[in-house]
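Asker: Sequence:
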Amino acid sequence: MVKKGTDVKWRELVEKFSSYEGTLDSFCKENSISRSQFYYYRKKFEKENNTTFQAIALENNNTNILTVTNNIKSATEIKIEIGKAKIFIPANEIALLSNILREFSKTCLI
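Anchor point for the sequence shown: position 98 equals 97 in numbering that gives the first Met the number 0, and the numbering is continuous, going up by one each time.
Everything labelled a hint here was simulated from the structure, so no lab data went into it. For clarity, every value in this text was computed on a predicted model and none was experimentally measured. Please note: incorrect hints may appear among the correct ones.
[Unchecked claim] Label-pair restraints from in silico Cβ distances:
| hint | residue 1 | residue 2 | range |
| --- | --- | --- | --- |
| 1 | 28 | 83 | 42 to 50 Å |
| 2 | 104 | 7 | 33 to 41 Å |
| 3 | 6 | 87 | 16 to 24 Å |
| 4 | 34 | 89 | 26 to 34 Å |
Each residue gets a CB set at the ideal place from its N, CA and C atoms; glycine is no exception.
Work the whole structure out from these sequences, hints included.
Answerer: Below is the structure:
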């Protein structure tokens, strides 16, 4: 029987590593865990999360306002990764997502 607290602890460690700037070996040493334990829990949580791609349609109206159509119903947050930068946005924050995508379209697209 798996203790709920153990999964919570490991989930926090796996998430903490995603923003860690050192190596996996140094992270494991700092947190007194083995690499095999880390890999086990990371794989376990990846299977649970089962992240799927969701397309978001953008429409450019005559008033230059970008509209975001969101058909994500079960996700609690949206993760945007560009290089080493990671942005986490609550899935229900449509206005914030729209603003971020508008800024990306200004700077990243021709």
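Asker: Now, for every hint given, state plainly whether the structure supports it.
Answerer: Hint check results:
no. : hint                : result
1   : 28 - 83: 42 to 50 Å : 22 Å, violated
2   : 104 - 7: 33 to 41 Å : 38 Å, holds
3   : 6 - 87: 16 to 24 Å  : 20 Å, holds
4   : 34 - 89: 26 to 34 Å : 33 Å, holds
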